[in-house]
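Residues per chain, in single letters:
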Amino acid sequence: MGWAIALHGGAGDIPRSMPPERREPREAALRHCLQIGVDAIKAGRSPLDVVELVVRELEDNPHFNAGRGSVLTSNGTVEMEACVMVGDTKKCGAVSGLTTVKNAVSLARLVMEKTPHIYLGFDGAEQFAREQGVETLDSSHFITPENVERLKQAKEANKVQIDYAQPIQRVEEEEESASLPNGDSQIGTVGCVAVDSSGNLAAATSTGGLVNKMVGRIGDTPIIGAGTYANSLCAVSATGKGEAIIRATVGRDVAALMEYKGLSLEKAAAYVVGESAPIGTVGLVAVSANGQVIMPFNTNGMFRACATEDGYTHVGIWQD
Amino acid sequence: MGGWAIAVHGGAGVDPNLPNQRQEQAKQLLTRCLNLGISALRSSHSAIDVVELVVRELETDPLFNSGRGSALTAEGTVEMEASIMDGCGRRCGAVSGVTTVKNPISLARLVMDKSPHSYLAFSGAEEFAKQQGVEMVDNDYFITEDNVGMLKLAKEANSILFDYRIPTIGMESTCSAAVENPLQMNGLPISIYAPETVGCVVVDSQGRCAAATSTGGLMNKMSGRIGDSPMIGAGTYAGELCGVSCTGEGEAIIRGTLARDVAAVMEYMGLGLQEAVDYVIKKRLDHGFAGMIAVSSKGEVAYGFNSIGMFRACATEDGFMEVAIWE
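In the order they appear, the protein sequences are chains A and B.
Take the first sequence: its letters are residues 281 to 600, numbered as in my numbering.
Take the second sequence: its letters are residues 43 to 369, numbered as in my numbering.
These aren't lab readings, by the way, just hints derived from the structure by calculation.
What you are looking at is a predicted structure, and each value in this text was computed from that prediction instead of being measured.
Misleading hints may appear alongside valid ones.
Listed below are the simulated DSS-like cross-link pairs for lysine-lysine, each with C-alpha atoms no more than 27 Å apart in a straight line [stated by the list, open to error]: (1) A:Lys541 x B:Lys325; (2) B:Lys156 x A:Lys432; (3) B:Lys324 x A:Lys432.
Calculated from the model, a selection of chain B residues having no Cβ within reach of chain A, i.e. all distances over 12 Å [said to hold, decoys possible]: (4) Thr102; (5) Glu293; (6) Arg302; (7) Met308.
Computed beta-carbon distance windows for the label pairs [as the list claims (entries may be wrong)]: (8) B:Val190 x A:Glu411: 22 to 30 Å; (9) B:Glu177 x A:Glu411: 32 to 40 Å; (10) A:Lys547 x B:Gly312: 43 to 51 Å.
Quick reminder that beta carbons are idealized off the backbone N, C-alpha and C, glycines included.
With the hints as extra help, turn the sequences into a complete structure.
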C-alpha cells in the first residue's frame with residue numbers, strides 16, 4: 281500500500297536519434313510535473329486534484345500535444361479534448377472540440393462536478409466554459425510553429441500521423457533519419473493517474489489529437505473506458521493511436537482483467553498492451569488501489585514518469 | 043445453437059401509464075423493424091448491414107427518439123448521435139452533434155468505412171456527410187409536435203426530461219407530467235421518463251456479430267451534450283463473442299461501460315450471454331436504470347433491464363420471436 285503516481289507525455293515512434301536539445305526539455309518537464317504531483321500527494325491533496333494539476337501543467341507545456349502545443353487539424357486549428365475519472369464513484373467528465381479553453385482537463389472536471397452530464401463537445405463545451413468563467417485564450421495561443429510545420433509535412437505526405445514528426449520522407453523509411461528537420465517526435469496525449477495511501481484512485485488525460493485530423497474527429501481520450509478509466513481497482517490513462525485504443529477499450533480492459541480474471545495490475549496492463557492492441561499503437565500508465573504502478577507501451581517510446589511512496593521514481597522515454 | 047439472431051430496442055424506462063394506443067404503435071414498429079431484419083438475414087446479409095438497415099428504419103419513423111422524432115435540446119433543436127460496431131475486427135464508427143443528416147447511423151457507418159477515424163462530431167461530422175453525399179435535410183425535419191410539447195413541459199418542470207413519449211396532442215388529461223408520476227430516472231428530479239434510444243444487435247449465419255445504436259439524447263439537454271449512444275464500450279459494442287446495444291440513463295451506462303462489460307464477462311469469466319447480461323444489469327448499474335439487448339456468436343439472443351419496461355423485439359433462426367414492453 282501507499283501512494284503512487286504516474287504520468288505520460290505520449291507514446292509513439294520516438295526516434296532515439298532525438299537530439300539532446302529536443303530530449304532534455306521534455307525529460308525536464310516530466311521530472312517537473314512528477315515533482316508537482318508528488319508534492320501534492322504528500323500534502324494530502326485528493327488523487328483527483330493531483331491528476332488535474334499535473335495534467336494542467338502538461339497542457340501548459342508546449343512540448344507536449346495537449347493544451348498549448350496541441351497538434352493541428354486539417355484546417356490548421358486546434359481542437360482539444362480531455363477527460364477525468366474518479367475511481368470510487370466512477371464519476372467522470374469529458375470535453376471535446378475545445379478551441380479557446382486554456383486547460384481542457386479542468387473543464388472536463390467542471391462538466392463532472394457542475395452538470396448532470398458527463399460529456400460536452402464543441403460549441404456547447406465552449407459555451408459552458410464561458411458560463412463557468414474558466415480561463416480562455418485566443419486559439420492562436422495554443423498553436424506553435426513546430427505544429428504548423430508538422431501539419432505542413434503531414435499534408436505533403438497526405439496522411440494522418442500519430443502526433444509525431446518523424447518527418448515523413450518515404451513510407452518505407454520508418455526508422456530514424458539523420459536529416460530530420462527538427463528530429464523531434466512530439467507524441468501526443470498527456471495523462472496522469474494517482475492513488476493515495478487510502479486507495480482512492482483518479483485518472484486524467486488530455487490531448488490535441490492527431491496531426492491533420494479531420495475537423496470534428498474525436499479520439500480515445502474522452503471516451504470513458506478507452507483512453508481514460510478509473511474504478512476501485514485501478515486508474516488508467518492511455519496514449520497512442522486513438523482508433524486502436526477505442527476498439528480495444530484499453531482503459532476498461534486493464535480494470536476488467538483485474539476484476540474478472542483476477543490478474544494483477546502488471547499482468548493486466550501487459551496483456552492489454554501486448555496482446556489486445558496491435559504493435560505500435562498504445563502505451564499507458566496505470567496505478568492500482570494498493571499502490572502499484574506500471575507504464576507499459578508497445579510503441580518505440582513513451583514519455584513517462586512515476587513515483588511511489590516507498591521512494592521509487594522513474595523517468596523514461598524508450599524501453600529500459 | 044448457431045444460426046442467426048436479432049434483437050431490436052426502442053428504449054428502456056417506460057411510463058407504466060403509457061396509453062394502450064401508444065403501446066400498440068410501438069409494438070407494431072418494433073415488429074416491422076424486426077421483420078425487416080429477419081428478411082435481410084434470410085437473404086444472407088451480413089450482420090453489419092442488417093443492424094444498419096434496421097436502425098435506419100427506426101430513425102426514419104418518428105415514434106422513437108432517434109432521427110425524426112428525436113428529443114430536443116434546451117434550444118429546441120435536434121442533435122443526434124449514433125454508433126455502429128462490427129464484431130469482425132471490432133471496427134467501429136460513431137457520430138455526435140448531427141443536425142441535418144437524415145440517418146445518423148449510416149453516417150456512423152461511413153465514418154467506420156470511409157474515414158481514417160472512428161468518431162466525428164458536430165460541424166466536422168456534417169462536413170464529412172456533405173462530402174459523402176448522404177441524404178441531408180433541414181433540422182426542422184426531425185422535430186415533431188409531440189417533442190416541442192415535451193420540451194415545454196420539461197422546461198416548466200425545469201429538469202432534464204427523459205424523452206417522455208406520452209403524446210401531448212389530444213391527450214391533455216394525461217399530461218400532468220410534473221405532478222402525477224413520481225417515477226424518476228437519471229438521478230435528477232425528472233417528472234416522467236420514457237427514453238427511447240433505438241438499437242439493433244445481430245449475429246448472422248456466419249456467426250458474425252454487430253451492434254448499432256442511435257438517439258436524439260435527453261430532452262432539454264445542454265447543446266453539445268454527448269451521451270452513451272455514440273460511445274463505444276458504453277452504449278454499443280461488438281466483438282467475436284457478442285453484440286450489445288444499451289439504452290437508459292446515459293451517464294450510468296457510460297460509468298458502467300455496460301456494452302463492453304457484457305463482452306468482458308463472457309471473455310474473462312466465461313459467462314454465457316444471458317448470464318452476462320444479467321450480471322451487468324445487476325452489478326454494473328450503480329444507481330442507474332438501463333436496459334440492453336445482446337446476441338452471441340452462437341446464435342443466442344438476450345435482453346435485460348432494471349428499469350420499468352423496455353421496448354424490444356427479438357427473434358432467432360429456430361423460430362423464436364418476441365415483441366414486448368414490460369417485464
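Status of the hints after comparison with the structure:
no.	hint	verdict
1	A:Lys541 x B:Lys325	16 Å, holds
2	B:Lys156 x A:Lys432	23 Å, holds
3	B:Lys324 x A:Lys432	52 Å, violated
4	Thr102	24 Å, holds
5	Glu293	5 Å, violated
6	Arg302	5 Å, violated
7	Met308	10 Å, violated
8	B:Val190 x A:Glu411: 22 to 30 Å	25 Å, holds
9	B:Glu177 x A:Glu411: 32 to 40 Å	35 Å, holds
10	A:Lys547 x B:Gly312: 43 to 51 Å	18 Å, violated
Of the hints listed earlier, those the structure fails to meet are numbers 3, 5, 6, 7 and 10, in rising order.
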